[in-house]
Amino acid sequence: MRTTTPEKLVQLQKNPSNIRNICILAHVDHGKTTLADSLVASNGIISQRMAGKLRYMDSREDEQTRGITMKSSAISLAVQRDAQEYLVNLIDSPGHVDFSSEVSTAVRLCDGAVVVVDVVEGVCPQTHAVLRQAWLENIKPVLVLNKLDRLIMELKMDPLEAFFHLQVLLEQVNLVTNELFTTEIMAKTSSQTDGAGQEKEKSKAVSNDWTIQADDEDEERNIFFSPTQGNVVFASAYDGWGFTLNHFADMFSKKLGIKKEVLQKTLWGDFYLNSKTKRIMKGAQSKVKKPLFVQFILENIWAVYESVSVNRDAEMTEKIVKSLGLKISPRDMRHNDPRMKLQAIMGQWLSVSRAVLDVVVEKLPSPLEISEDRVEKLMCSQSQNFLSFPKATQELKDAFISCSTSDNSPVILFVSKMFPVERKMLPQFKQRPLSEAEIQQRRQQARQRHLEKMSGPTDVVNEKTKDEEVTTSQGSTVTSNGTASAVNGGGAPSVEANGIAMEIKATKKEAEEEAPTVFVAFARIYSGTVKKGQKLYVLGPKHDPSQVEEGAVRVGQSVDDLGTHDHITAFTVSDLFLFMGRELEHMDDIPAGNILGIGGLEDHILKSGTVSSTVMCPAFTDFYLDASPIVRVALEPKHAGDMVHLVRGLKLLNQADPCVQVLVQETGEHVIITAGEVHLQRCLDDLRERYAKIGLHASSPIVPFRETIINPPKVDMVNEAVQDQPIKTARAKEFEDDEEVIETGLVEMYTTNQKCCIRIRAVSLPDAVTDLLEQNVNLLKTLHGLNRAKVYGQNSKVKDTGVKDKGVKDTVLEALSHFKSSLSKAFTEEGKTWTDVIDNIWAFGPKRVGPNVLLNRVEGYDRPSVWDIQGSEGLLRDFDSNIVSGFQLATIAGPLCEEPLRGVCFVIEKWEYLDMSYAKLARISESESDPKLTDLLSSSVEKNLIIEEVDEKCNDSDKEEDSCEEVKDVIKPQRKREYGPFSGQIISCVIAGCRKAFQTQPQRLMVAMYKCNIQANSDVLGKLYGVLGKRNGSILEGDMTEGSQTFNVVATLPVVESFGFAENIRKKTSGLASPQLVFSHWQVLDVDPFWVPTTEEEYLHFGEKADSDNKARHPNLVVNGEEGPEKPDKWFEGGYR
Amino acid sequence: MATLKQPTGQKRLTNVAVVRLKKGGKRFEIACYPNKVVSWRNKVETDIDEVLQTHAVFSNVSKGEMAKTAELKKIFGTDNQTEICLQIIAKGELQVSEKERHAQLESMFKDIATIVSDKCVNPDTNRPYPVTLIETAMKDIHFSVKPTRSTKQQALEVIKQLTETDSINIQRAHMQLKITVPGKDGKKVREKVKKLATTVEQDDFSDDLEMVILVDPGCYREIHDIVVSATKGKGQFEVLNLKHVEEGDEMM
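So the sequences go chain by chain: A and B.
Be aware that the first sequence starts at 1, since it is given in UniProt numbering, and climbs by one per residue.
Be aware that the second sequence starts at 1, since it is given in UniProt numbering, and climbs by one per residue.
The hints are simulated quantities; they were obtained by calculation from the structure and are not laboratory data.
Wrong hints could be hidden among the right ones.
[Stated by the list, open to error] Looking from chain A toward chain B, a few residues come up when the C-beta cut is under 8 Å (computed):
| no. | residue |
| --- | --- |
| 1 | H639 |
| 2 | L663 |
| 3 | V664 |
| 4 | G668 |
| 5 | E669 |
| 6 | S885 |
[Claimed, not checked] Under 8 Å between C-beta atoms, here's a sample of chain B residues computed to sit facing chain A:
| no. | residue |
| --- | --- |
| 7 | N122 |
| 8 | P128 |
| 9 | P130 |
| 10 | A137 |
| 11 | S167 |
| 12 | I168 |
| 13 | N169 |
| 14 | V239 |
| 15 | L242 |
| 16 | E250 |
[To be verified] Straight-line distance between alpha carbons at most 20 Å, and here's what the computed EDC-like set of lysine to aspartate or glutamate pairs gives:
| no. | chain 1 | residue 1 | chain 2 | residue 2 |
| --- | --- | --- | --- | --- |
| 17 | A | K847 | B | E246 |
| 18 | A | K651 | B | D124 |
| 19 | A | K638 | B | D140 |
| 20 | B | K119 | A | E898 |
| 21 | A | K607 | B | E250 |
| 22 | B | K22 | B | E93 |
| 23 | B | K119 | A | E899 |
| 24 | A | K397 | A | D407 |
| 25 | B | K243 | A | E666 |
| 26 | A | K847 | B | E201 |
| 27 | A | K781 | B | E250 |
| 28 | A | K8 | A | D588 |
| 29 | A | K781 | B | E246 |
| 30 | B | K119 | A | E666 |
| 31 | A | K651 | B | E250 |
| 32 | A | K651 | B | E246 |
| 33 | A | K847 | B | E250 |
| 34 | B | K91 | B | D79 |
| 35 | B | K243 | A | E899 |
| 36 | A | K847 | B | D118 |
| 37 | A | K781 | B | E201 |
| 38 | B | K243 | A | E898 |
| 39 | A | K638 | B | D166 |
| 40 | B | K139 | A | D642 |
All C-beta atoms in this analysis are idealised placements derived from N, C-alpha and C, irrespective of residue type, glycine included.
One chain only, chain A, in its complex shape:
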């Protein structure tokens, strides 16, 4: 039976000093949820008997079936202690690495943490992680050593062994804390540039993190766990018992007549009882005596287990029960399963919930005791000084510390995550038993409806709206048809009134269908009282209170309206909830210091955010995420038409999950990045069943490549220096008898109508230049934009664009000129061939901003370079833009596998018209510098000229015919019909030329590389290197972090090899190392994809075909084999003999 009503909880919420916000943290399977079950059972929400089996906090279906927690969920519990009532807001968190982001969200909201450690498994990787997290968030932990029953039943230890085991374990846990402590001090001192004198003071400040005491010695002890301090609980959550030294100190002080304080200090440790003198002595071990802990505590527990479970001695059990003064129901005593008996006895004797909650209430701070340090840490990131905030903001600190619930104090909330709730689970939609009056009312309505129906067809709509009114006023949905339609039809207004409209603007239609899930913000209130209907501000992560003073803040209605510099939206609190595990309880107002749910924030907060009644409040710092998302997959719907649903589903998922990243790639793929395989699985399930409700495929995403050419290599495949001429690649040989190819890298092309000749050379760009270009893509973009704007501006003679330009100029032009100079420096450093290049750059590509360069070396064509914004287009030759377009197209898809080029420089060395008419025209246009003259052939003025020329020049009948027709029909230029417009011919000519010039050079593929950061301790370092090596990674550095045992390994890894890498490395290192991957650079794969052995050694080494070893043809590289249509043919020529 439930012992606490929501009303009572409301009462308790009002007193912040009696509130404890705690979370349960541990490694996976160390018994967090079981422990939570026991605590929940203490409030009668679930039966004591079911505690530990039900896993009440695991409300998701897959959580129950898999047996692991996947999300953090909260519950409020009332605790009675020493005539005081306390409210404990408990958050259960997941233990699996993949969900460590959920842990972060939980930790942020709490003041204290219960760290659970399995006594058999000991300190595990996640134990490290959660302790670190608690440390970083400045919250105070207590330790629960769980599963003591396993020491008895599984390992069959005797009490003394168990004692030593526990001692060792405790030392290990403290070691972790110590490491954190020293690391932080080390970091602080190393970053400190001041004299050594201040160091001591600093370290004092540091240790203040966990306690507000001053003495150095005491501090040291306070951060450690020790039973004598009372911050360690020994428990077996499964069997429902647990204790602290306090319990036994109480018990035995009466029995032995020894002071409780003394017992408290001596029960744990190397103390024994001298039975003759009845005095407690030190040095149990050296005198081979039983320590007090063993004698008084463990042996008693062991005895219970012995008699109940092992020997099943009914008499003995009876005796024990009697001596402990317990009342066990006969039903439990008669139970066949000894476990049930045991639970009944132990649960009554040493209730785990009592033990844990006592410690929580006693040792963990209330919201009132929030330390200044923590407030400052919350309000500003490390890089920012708290004192830099405006005064009004600094005053808010006091509001934090006083945690005042009065209406005058500002409301400050932190939302740590958005929590999806099924609509029907919301309290207002929940089915409640109807009261007698309601039933009456409903009956009447039904009768009335019936009457209306009988009296003939009345206005149906009218009836319906009435119906709606009734249902909404009752606040309950019943499954009858009429109400269902009311929800559907009239949903929109009521939904909007409640502010739970899920979709934003564009999907208003969808909203009418009623979104099945609603987002509730999982939040903690730090100050003030939040009320239903209150108007609050949502402060975006970039919100800076100092801007408020300047008055430059605009308040938007939803995130969509916001410009880039606005970070504030206003919203009205529509619903307030109290989390009760699976359920939500409706609240009208919630005072400071509590954990609460807020409805109506979907449109305002994506994942986490700050909510306040004053704009002076700074945005809270982002929380520390232990695992960054690294597992990438591309998603696509099973049916192509479901794309819309997928996109919507992804948006919802993104909001609901703090750790998932969703992005649309340039290729149009929807990629989600998750923290691990389990997390991925959960996301997919969520999408399938909850958010998108469609069938899905997940595949590894397309890996991008780049194509490039290199300078001829100096060594061949067996590392022998190349003796004679640079090796002719098999590919290059093909071009030997191609007459268009003049020499390697230089080709001469004619347009299809043989009127124009273009000579193109391909050279590889120096690395430094390529890198520089790649880094400055944005700058190039603005340059291009400026150029274009300039051309527009001049053409249309509109002056405002010019004015606008000037605004941009000052900042951008400076950056541009700086970039230009650094680029020219990079060029000149590369040698003589590149000296005059900078002013001859024609264009960049692909997309006009890429890392490839088009150079102008046409004799007699003095084209203004790309830098010359002022360059009047009068100096441009006609068809200039077509050459550029051709270059752009050639660079966007290379000949190897249709991937973009990188680091290639195309030089146009000749550009001549063979047909005099074109040449003449070109000349005319040049001399007259008439910009409008592009489409020469149809210009009527020049037409005559052309015709004359043509008549003179062309003898063959075809052309004559053309010119005749032209005379007749001036408007239609016949010549174009032959091969399409001349502009198009130039484009295709340039593309073909670039490709061919590219192909005659040694071609290479480039692969994307990840930079990989891994933290690992020395034990698993070897395995780590093994995994990296197997996946073609190379280690850049591997230094030890000062003050700790962890190594920080930095490596590079090809992106293609990264699929399953995270999983692999975690498995191999048993979870002790988890990598973080960031894209770093492109690397040339130094193998010719077309390479075949030529020298004798090579034949010897690779065999005649040598297709087995070519890395550039490795199947891994064709992950996206279907990408380029030509690739499979060229590379995997089928056919077997």
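Please arrange chain B on chain A, whose structure you already have, making use of the hints.
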């Protein structure tokens, strides 16, 4: 009496692909390796010995009858067997094996999907669809590949069919064009161009007309003609972007 043992059910010439050529009323055959003939014709395979089982010309491969030298000389004008083999390979007819045909159709299917995904965008996001998605969409509309037509032609066909059915929301990627027309002709051009353009990005008409528009690539010629004819060649016409799509990755 010992019965004559005849091997039945034995399949001969399993690893031989026969290429036939009828010329001068006579039939000539050559024996090749399967799979290799097509790659020879595609110029992927360059070594003739990898293609031919033997350099001999047969009148019937399965019976092992060689062609008569006199006939060869009469009909091909040479008795160089290798040369004749080359001719037969180039022109002769060939029973393409099922697997080979299947592979070819498959690769054509993929080619078509690639072309479609290259040319089209999702109008909601203005981003291309992934190839695999196009493939499923093509299967949904039961598109069958015709081996005789070029992939590009068929891709255009697919685009048409896909836009007609509402299984997938798809659209040709638009071309970005810039049109500059001097003063007096501007009005005419402007009206006409506006009709064709899907979106007008910029429309300046002070002295000269200057427009930046997005159009379906199919309308390129039409617009070109309009601009050229209306202005008698004074109009300037520039392709700013062949495929107007969103660039870069977008976080959601």
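Going through the hints against the structure:
| no. | hint | in the structure |
| --- | --- | --- |
| 1 | H639 | holds (7 Å) |
| 2 | L663 | holds (5 Å) |
| 3 | V664 | holds (5 Å) |
| 4 | G668 | holds (4 Å) |
| 5 | E669 | holds (5 Å) |
| 6 | S885 | holds (6 Å) |
| 7 | N122 | holds (7 Å) |
| 8 | P128 | holds (4 Å) |
| 9 | P130 | holds (5 Å) |
| 10 | A137 | holds (4 Å) |
| 11 | S167 | holds (5 Å) |
| 12 | I168 | holds (4 Å) |
| 13 | N169 | holds (7 Å) |
| 14 | V239 | holds (6 Å) |
| 15 | L242 | holds (7 Å) |
| 16 | E250 | holds (5 Å) |
| 17 | K847(A) with E246(B) | holds (12 Å) |
| 18 | K651(A) with D124(B) | holds (15 Å) |
| 19 | K638(A) with D140(B) | holds (11 Å) |
| 20 | K119(B) with E898(A) | holds (14 Å) |
| 21 | K607(A) with E250(B) | holds (17 Å) |
| 22 | K22(B) with E93(B) | holds (9 Å) |
| 23 | K119(B) with E899(A) | holds (16 Å) |
| 24 | K397(A) with D407(A) | holds (17 Å) |
| 25 | K243(B) with E666(A) | holds (13 Å) |
| 26 | K847(A) with E201(B) | holds (19 Å) |
| 27 | K781(A) with E250(B) | holds (17 Å) |
| 28 | K8(A) with D588(A) | holds (14 Å) |
| 29 | K781(A) with E246(B) | holds (14 Å) |
| 30 | K119(B) with E666(A) | holds (14 Å) |
| 31 | K651(A) with E250(B) | holds (13 Å) |
| 32 | K651(A) with E246(B) | holds (19 Å) |
| 33 | K847(A) with E250(B) | holds (18 Å) |
| 34 | K91(B) with D79(B) | holds (18 Å) |
| 35 | K243(B) with E899(A) | holds (16 Å) |
| 36 | K847(A) with D118(B) | holds (15 Å) |
| 37 | K781(A) with E201(B) | holds (18 Å) |
| 38 | K243(B) with E898(A) | holds (16 Å) |
| 39 | K638(A) with D166(B) | holds (15 Å) |
| 40 | K139(B) with D642(A) | holds (15 Å) |
Violated hints for the displayed structure: none, as all numbered hints are satisfied.
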